[in-house]
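Asker: Take a look at the letters that make up each chain.
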Amino acid sequence: MTIFVTGVGIISAAGKGEEETLECFYEGRRNAGPVSLFASDIKSPVYEVRDLFCGHFPERLRTLNLCLAAIDDALEGNCSVTRAALKGKRIGVAIGTTVGSILNDLDFYREYRKTGKASMVAVDHYLQGDLASVVHSFLETHGPSVTVVNACTSGADAIGMAMSWIKAGLCEIAIAGGSDEMNQVPLSGFRSLGILSDSLCAPFDRNRNGLNLGEGAAVLILENETSLRQRGQRARAIIRGYGSSNDAHHLTAPDPDGQGLERAVTTALKAAAIRPDQISFINVHGTATRDNDCVEGLVLSRLFGRQAKFLSTKGYTGHTLGAAGVLEASFSLLALEQEWIPQSAGFSEEDPTIGISPVKERTSIEGQLALSTSLGFGGCDAALVIERPEEEFLF
Amino acid sequence: MKPLSIEGLGILCACGRGIEKFECALRAGWVAPQFSADGRPAYRVNTHDLVDREVLKKARRADRFSKMTVLAAHDAMVDSSLQIEEIRETGVILATAFGAHSAIFRFLDNIIDYGELNVSPTTFAHTLHNAAASYLTSVLGCRGPTLTITQFYFVFHQALQLAYSWLLEGRVERVLVGVTDEISSVMEYICDEKLSIAYDGRMHPLSCLKRPKVVPGEGSAFFLLSLDPARKRYGSICEIEIGPSRAAPEDVDLSVIGANAMAGSEKLYERALKDGLDVAAYTNIYGGLMTGAGFECVASALMLKNQVRYASSTFAKPKGWKVTETTVPEELNTIRCIAHSCEGELAFLKIEK
Amino acid sequence: MTASKEEELAAIRRELKELLVSMLAGLEEIDPADIKDDEMLFEEGLGLDSLDAVEIVVLLQRHFGLQVKDMKEGREIFKSIDTLSRYIYDNRLKENK
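Chains as they are written, first to last, in the working numbering: chain V, 1 to 395; chain G, 1001 to 1353; chain E, 2001 to 2097.
By construction, these hints were calculated from the structure, which means they are not laboratory data.
As the structure is a computational prediction, the values presented were derived from the model and not from experiment.
Glycine residues also receive a C-beta, built at the ideal position from the N, C-alpha and C atoms.
Any given hint could turn out to be false.
[Stated by the list, open to error] Pulled from the structure, derived: some chain E residues nowhere near chain V, Cβ distances all over 10 Å:
id	residue
1	2002
2	2012
3	2014
4	2027
5	2033
6	2036
7	2037
8	2083
9	2089
10	2090
[What the hints assert, rightly or not] Distance condition first, Cα-Cα at most 27 Å in a straight line; then the derived DSSO-like pairs of lysine-lysine:
id	chain 1	residue 1	chain 2	residue 2
11	G	1021	E	2069
12	G	1002	V	167
13	G	1213	V	117
14	E	2069	G	1057
15	V	117	G	1194
16	E	2036	V	43
17	G	1057	G	1213
18	G	1021	G	1353
19	G	1274	G	1021
20	E	2036	G	1058
21	V	270	G	1057
22	E	2069	V	43
23	G	1058	E	2079
24	V	89	G	1002
25	V	114	G	1194
26	G	1322	G	1210
Based on the provided sequences and hints, a complete structural model is requested.
Answerer: Structure, rendered in structure tokens:
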């Protein structure tokens, strides 16, 4: 069964929507700066979304507001599906996140610790804030509903989940997304792990020394052919394959052999029924930590050879955790449409222990197929094959 | 849908670790909860049930939430007698309502006590909902697709639907599907504020109360599932449905209601099941959990295997249903588990022998 | 080595062993006194891993007020109780000057 993408919504530090994001990529602009959303002594640059519209929910529910902003972008912008068309319908909603599903309000907890009691406002927000459920309420839809909390592969896994639902006949349309806000818990947590860089991140670079955190959200509207034909609309892309695997190795470090990632990639390629040499480019996870880039480099070399064209877009968005997989799948889709990929921001010198380099400048792309990879804490690995179909899929 | 064969079961809750301990509690019909120093009752997992040097060798850092998960999942695997090569390729789906919230509070303790520059990286790693699944895959050696999902309502049902989708598409041949939720003092306080606690330690799941009282619970339950009827040991799941409040079909021998006092009024069970039907409820064994449907499913699978109907403790006259207050042998071919949300939706799980 | 320096080092070694056992998850059953001074902390010996290494960095910050700026430097310092104690002793001295 073919799974079509009929809508894309994106929001990150690189921009709100496709136009702003492509402009940012084209110019090679890196919108990073010190954290401004909360007080912090942590010096690492972060990628925050400026002037987020929080009209639907209170400002403190930032992950939710980011998610809804991405949905607004998808449904009001470029998508052939409208809100009105979805209302009352059965659809699937799978949203990936890390921060968005956690009761981590410091003020609430401080008060509780001090007195044994605390205001329930933060708790109420948490209980009302389950992302997938809220999206269903927001759109007045019903159907399969899951918030994926698989660390940094959550977004990619949400896409995989939505595909599985559609193939199993549980729904014909699904929204697969990811969203995460800039938050003190992951910022201090990643720093304690020694993998946060104090300067702008440099994925795959010889001198890379860690990641930068970012915030953002993205959604893809996925449909089967029946639904597309009924609506007589055009698809923008096809998700040809999805693969996921687990390293069964360590809580935070990836398996240095990369076997888990290799399994995820080969599963995705097999599902897509394509050879590695048919992939035009790869949007890698590329966090700029010593370990991640080493493992990805090893697997890329093994599967695609040393000439593989690849980039990390985390130099433009930071690591957006649960949103990363969907943002990067969206960027891959845009790149296939535009026929170029931006330079892999932050890279300048090849690491001889990795032996391959991402693209150093804006690069033309030929071909129809891209791969997007994600790795996450807990040994999670995910890969997606995205296709820009040759003919117009107009039904 | 094609039936989902239940090849193995594992369970860990206040009654102890393992199927036998759970069956023992089911036979008794009611297990008294523990009471904390400030008088709050809860069905807490005993610390000694989380000790297993052999199984947890590769999970030395595992916290309580992770230990519950690993041990229940391990037991389900052992119960199914899977070979090592089969275990490697097994998919894993862990469903939770509140996740590892005690790790979050420990991390917030770090920020408050030591500052954001001196927090523990290990504690941070445990704040991620999927840390438990990570220990599970390391201990069992599962390298297939592994997902952790969360929702407040019906997350077990969503996990089953996803497992079914994976099996149907041939992504994997087997899936280890489970639920874990834990109690912490903060959560008990929140329960006290948001819900009504049963300070006498007794829940009334069969009374369809408008404002039911809860005794919070914790634990983990795992199922090894496949589409292979030859490997089924506890029956199969043949219906997974979520929808608006409605009358349940009367095509089963027994209905098990998941009245856990965590989702508001339980009157919709009255509307779902008319008088005279055979009904049971077991939340007085393991307490109120948002993921209680997993435990109801274990109870149902055991009843179908053992051809016995376990006692439902009532404490008060239940609605006009046929309820047995002692455990009796009974011919059972099908059981439907029913759960509800605070928005008046019902979820059905039908299990057949 | 002067007697007082050796005494101080011995005190640091004892404190370190207690802290490692209490702060690093999963070592609760080890008696701190059983950890040898020259025992390898990583791989063989105590069998600590990369997550323990960053936990030790936090331990040094919290309890001794010391920063490990570079984990490459950390690899040598964290070899054994001996090397870690000497690092603490030497850098505490620097901080106190």
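Asker: Evaluate each hint against the coordinates.
Answerer: Now for the hints, and whether the structure bears them out:
For residue 2002/E, the shortest C-beta to C-beta distance to chain V comes to about 35 Å, beyond the 10 Å cut-off, and the non-interface label holds. Non-interface status of residue 2012/E relative to chain V is upheld: no Cβ of that chain comes within 10 Å, the nearest being about 23 Å off. For residue 2014/E, the shortest C-beta to C-beta distance to chain V comes to about 26 Å, beyond the 10 Å cut-off, and the non-interface label holds. Distance to chain V confirms residue 2027/E as a non-interface residue, since its nearest Cβ pair spans about 16 Å, more than 10 Å.
Non-interface call for residue 2033/E relative to chain V: holds, since the shortest CB-CB distance, roughly 29 Å, exceeds 10 Å. Look at residue 2036/E: its CB is around 26 Å from the nearest CB on chain V, clear of 10 Å, so calling it non-interface holds up. No beta-carbon of chain V is positioned within 10 Å of the beta-carbon of residue 2037/E; the least distance is around 26 Å. Listed as a non-interface residue, residue 2083/E keeps its Cβ farther than 10 Å from every Cβ of chain V; the least gap is roughly 19 Å.
Listed as outside the interface, residue 2089/E is consistent with that label: its C-beta sits roughly 23 Å from the nearest C-beta of chain V, beyond the 10 Å cut-off. Separation of residue 2090/E from chain V is adequate, the least Cβ-Cβ distance of about 22 Å exceeding the 10 Å criterion. Between residue 1021/G and residue 2069/E the CA atoms are separated by roughly 52 Å; this puts the pair beyond 27 Å, and the hint is violated. The hinted pair formed by residue 1002/G and residue 167/V meets the criterion: a straight-line CA distance of about 15 Å does not exceed 27 Å.
A threshold of 27 Å between alpha carbons decides the hint, and for residue 1213/G with residue 117/V the separation of about 21 Å falls inside it, so the pair holds. A hinted pair counts as satisfied when its Cα atoms are at most 27 Å apart, and residue 2069/E with residue 1057/G does not qualify at roughly 33 Å. With a C-alpha separation of about 13 Å, the suggested pair residue 117/V and residue 1194/G falls inside the 27 Å cut-off, and the hint holds. Proposed proximity of residue 2036/E and residue 43/V is contradicted: the alpha carbons are some 38 Å apart, above 27 Å.
Proximity of residue 1057/G to residue 1213/G is assessed by CA-CA distance (about 40 Å); at most 27 Å being required, the pair is judged violated. Between the alpha carbons of residue 1021/G and residue 1353/G the distance comes to roughly 22 Å, so the proposed pair stays at or under 27 Å and holds. Restraint check for residue 1274/G and residue 1021/G: the C-alpha separation of about 33 Å exceeds 27 Å, so the hint is violated. Restraint check for residue 2036/E and residue 1058/G: the C-alpha separation of about 23 Å stays at or below 27 Å, so the hint holds.
In summary, the hint linking residue 270/V to residue 1057/G is not supported, as the alpha carbons are separated by about 36 Å, beyond the 27 Å threshold. This hinted pair checks out: residue 2069/E and residue 43/V have alpha carbons roughly 14 Å apart, not beyond 27 Å. Annotation: proposed proximity of residue 1058/G to residue 2079/E holds, straight-line Cα distance about 22 Å (limit 27 Å). At roughly 25 Å between alpha-carbon atoms, residue 89/V and residue 1002/G fall within 27 Å of each other, so this suggested pair holds.
Among the hinted pairs, residue 114/V with residue 1194/G is consistent with the structure: their alpha-carbon atoms are about 20 Å apart, no more than 27 Å. Our distance criterion of 27 Å between C-alpha atoms is met by residue 1322/G and residue 1210/G, whose separation comes to about 21 Å.
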